[in-house]
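A.B. asks: Taking the hints into account, I'd like the entire structure generated from these sequences.
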Amino acid sequence: MKKLIIFFLIGLIIFNLSNRVLAEEVNNLQFVSLKIQKFFNDLGEAIFTSFLKKEDDQYKEKYFSLLQELAELKLNLKTAEENLKELSSLKNLQKLNFLKNDNVGYYYFENLEKAEEGDIVVDRKLTLIGFILKKTKNYLIVKSLLFPDLEFNLADAEGEFLGSGKTVGNGFLEINYPQAKKIEKNQPVFTFGNDNLFPANFLVGTVYEIKKTNNSERVIVKLEGAFEEKEFYLYK
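My numbering runs 21 ahead of the 1-based position in the sequence shown.
Just so you know, these hints were derived from the structure itself, not from any lab. Heads up, the beta-carbon is just placed ideally off N, CA and C, and yes, glycines get one too. Please note that the accuracy of each hint is not assured.
Computed list of lysine-lysine pairs in DSS-like fashion (alpha-carbon distance at most 25 Å, straight line) [as the list claims (entries may be wrong)]: (1) 164 with 146; (2) 116 with 164; (3) 146 with 187; (4) 135 with 155; (5) 257 with 164; (6) 243 with 203; (7) 146 with 243; (8) 146 with 206; (9) 135 with 146; (10) 187 with 232; (11) 257 with 155; (12) 257 with 121; (13) 206 with 243; (14) 233 with 243; (15) 158 with 121; (16) 206 with 187; (17) 121 with 146; (18) 155 with 121; (19) 164 with 243; (20) 257 with 146; (21) 251 with 135; (22) 206 with 233; (23) 156 with 121; (24) 257 with 158; (25) 116 with 155; (26) 187 with 203; (27) 158 with 251; (28) 233 with 187; (29) 156 with 257.
Listed next, with one range per pair, are the computed distances between beta-carbon atoms [as the list claims (entries may be wrong)]: (30) 146 with 168: 16 to 26 Å; (31) 160 with 197: 28 to 38 Å; (32) 236 with 132: 42 to 52 Å; (33) 134 with 154: 17 to 27 Å; (34) 132 with 235: 50 to 60 Å; (35) 192 with 154: 12 to 22 Å; (36) 115 with 198: 35 to 45 Å; (37) 234 with 131: 45 to 55 Å; (38) 119 with 232: 32 to 42 Å; (39) 231 with 190: 14 to 24 Å; (40) 187 with 252: 20 to 30 Å.
C.D. replies: The following block contains the structure:
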């Protein structure tokens, strides 16, 4: 019985000692774990701070880039507004209300009191579209440059006479035997006037192709008017 009690007491002592050792080990383990967590937290903060610094530089660069783009946009908008104001300030320019157009080259607009037969019609860039062929009580009929066999005088950017051009009905016109000494591809072509059809200095198109033979020369001009749009103006 005494031996049993002694063994029981020894067991209690060993159990208490083992619990203390286990508790210390657990505490040590928790402490080490906390130190490891702190280390990784500090490391993460350092990396994040460094990343933010780099990102901050990148955002600054993007910010100034956006500011530059905004300034350019404001400048372009200001230029566009000035051009629009200049365009709308022309007293002899009046917007037409588009009705329809056909495949031949006729355009139809609502009637305007000031409009007269023979008046010029242009697009929003003042490029030549055609002329008023007929005025009725309710609408205007405009014969555009898309109509074939319209013949009128043409000039270069300096106003020098190029020759007589004739529309061919597909968005182009031809100048036969041009009078100018030098004609280059993509150069602008304007009306010359003195033909009882169009006044001078209206943009018609650009030189698309130059065809030369032994005895003749033909210049193909591509019409630049915005014929597919619906914004047109009467030029008085």
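A.B. asks: Each hint: holds or not?
C.D. replies: Hint by hint, here is what the structure shows:
1. Straight-line distance between C-alpha atoms of residue 164 and residue 146 comes to about 19 Å, which keeps the hinted pair within the 25 Å bound.
2. With a C-alpha separation of about 17 Å, the suggested pair residue 116 and residue 164 falls inside the 25 Å cut-off, and the hint holds.
3. As the CA atoms of residue 146 and residue 187 are separated by approximately 22 Å, the hinted pair is consistent with the 25 Å bound.
4. At roughly 13 Å between alpha-carbon atoms, residue 135 and residue 155 fall within 25 Å of each other, so this suggested pair holds.
5. Proximity of residue 257 to residue 164 is assessed by CA-CA distance (about 16 Å); at most 25 Å being required, the pair is judged to hold.
6. Using a Cα cut-off of 25 Å, the hinted pair residue 243 and residue 203 holds, with the two alpha carbons roughly 18 Å apart.
7. Restraint check: the Cα-Cα separation between residue 146 and residue 243 comes to about 16 Å, which is no more than 25 Å; the hinted pair holds.
8. The straight-line distance between the Cα atoms of residue 146 and residue 206 is roughly 22 Å, inside the 25 Å bound, and the hint therefore holds.
9. Distance check on the hinted pair: residue 135 and residue 146 sit about 21 Å apart at the alpha-carbon level, within 25 Å; holds.
10. Using a Cα cut-off of 25 Å, the hinted pair residue 187 and residue 232 holds, with the two alpha carbons roughly 15 Å apart.
11. Between the alpha carbons of residue 257 and residue 155 the distance comes to roughly 15 Å, so the proposed pair stays at or under 25 Å and holds.
12. At roughly 22 Å between alpha-carbon atoms, residue 257 and residue 121 fall within 25 Å of each other, so this suggested pair holds.
13. A C-alpha spacing of about 11 Å is found between residue 206 and residue 243, which places the hinted pair at or below 25 Å, so the restraint holds.
14. Distance check on the hinted pair: residue 233 and residue 243 sit about 17 Å apart at the alpha-carbon level, within 25 Å; holds.
15. Between residue 158 and residue 121, the direct Cα distance comes to roughly 17 Å. Compliance with the 25 Å bound is thereby established for this hinted pair.
16. Proposed proximity of residue 206 and residue 187 is supported: the alpha carbons are some 18 Å apart, at most 25 Å.
17. Between residue 121 and residue 146, the direct Cα distance comes to roughly 20 Å. Compliance with the 25 Å bound is thereby established for this hinted pair.
18. Simply put, residue 155 and residue 121 have alpha-carbon atoms about 15 Å apart, close enough for the 25 Å limit, and the pair holds.
19. A threshold of 25 Å between alpha carbons decides the hint, and for residue 164 with residue 243 the separation of about 18 Å falls inside it, so the pair holds.
20. Between the alpha carbons of residue 257 and residue 146 the distance comes to roughly 16 Å, so the proposed pair stays at or under 25 Å and holds.
21. The hinted pair formed by residue 251 and residue 135 meets the criterion: a straight-line CA distance of about 20 Å does not exceed 25 Å.
22. The suggested pairing of residue 206 with residue 233 holds, with an alpha-carbon distance near 13 Å, which does not exceed 25 Å.
23. The straight-line distance between the Cα atoms of residue 156 and residue 121 is roughly 15 Å, inside the 25 Å bound, and the hint therefore holds.
24. With a C-alpha separation of about 19 Å, the suggested pair residue 257 and residue 158 falls inside the 25 Å cut-off, and the hint holds.
25. Restraint check for residue 116 and residue 155: the C-alpha separation of about 18 Å stays at or below 25 Å, so the hint holds.
26. In summary, the hint linking residue 187 to residue 203 is supported, as the alpha carbons are separated by about 20 Å, within the 25 Å threshold.
27. Taken as a hint, the residue 158 and residue 251 pair is honoured in the structure, with Cα atoms around 21 Å apart against an allowance of 25 Å.
28. For the hint linking residue 233 to residue 187, the alpha-carbon distance of about 18 Å falls within 25 Å, and the restraint holds.
29. Under the criterion of a C-alpha separation no larger than 25 Å, the hint pairing residue 156 with residue 257 is consistent with the structure, at around 15 Å.
30. The given range of 16 to 26 Å is respected by residue 146 and residue 168, whose C-beta atoms sit roughly 21 Å from each other.
31. Between residue 160 and residue 197 the beta carbon distance is about 35 Å. The supplied range of 28 to 38 Å therefore holds.
32. Roughly 49 Å separates the CB atoms of residue 236 and residue 132, a value that falls within the hinted 42 to 52 Å.
33. The hinted window of 17 to 27 Å between residue 134 and residue 154 holds, with their beta carbons roughly 18 Å apart.
34. Our hint of 50 to 60 Å for residue 132 and residue 235 holds, since their Cβ atoms are close to 52 Å apart.
35. The hinted range of 12 to 22 Å is satisfied by residue 192 and residue 154, whose Cβ atoms lie roughly 19 Å apart.
36. As the Cβ distance of residue 115 to residue 198 is approximately 38 Å, the hint placing it in 35 to 45 Å holds.
37. Take residue 234 and residue 131: their Cβ atoms lie about 47 Å apart, and the range 45 to 55 Å holds.
38. Residue 119 and residue 232 have their C-beta atoms about 35 Å apart, which keeps the hinted 32 to 42 Å range intact.
39. Taking the beta carbon of each, residue 231 and residue 190 are about 21 Å apart, inside 14 to 24 Å as hinted.
40. Distance hint check: the CB atoms of residue 187 and residue 252 are about 27 Å apart, consistent with the given range 20 to 30 Å.
Checked against the numbered hints given earlier, this structure breaks none of them.
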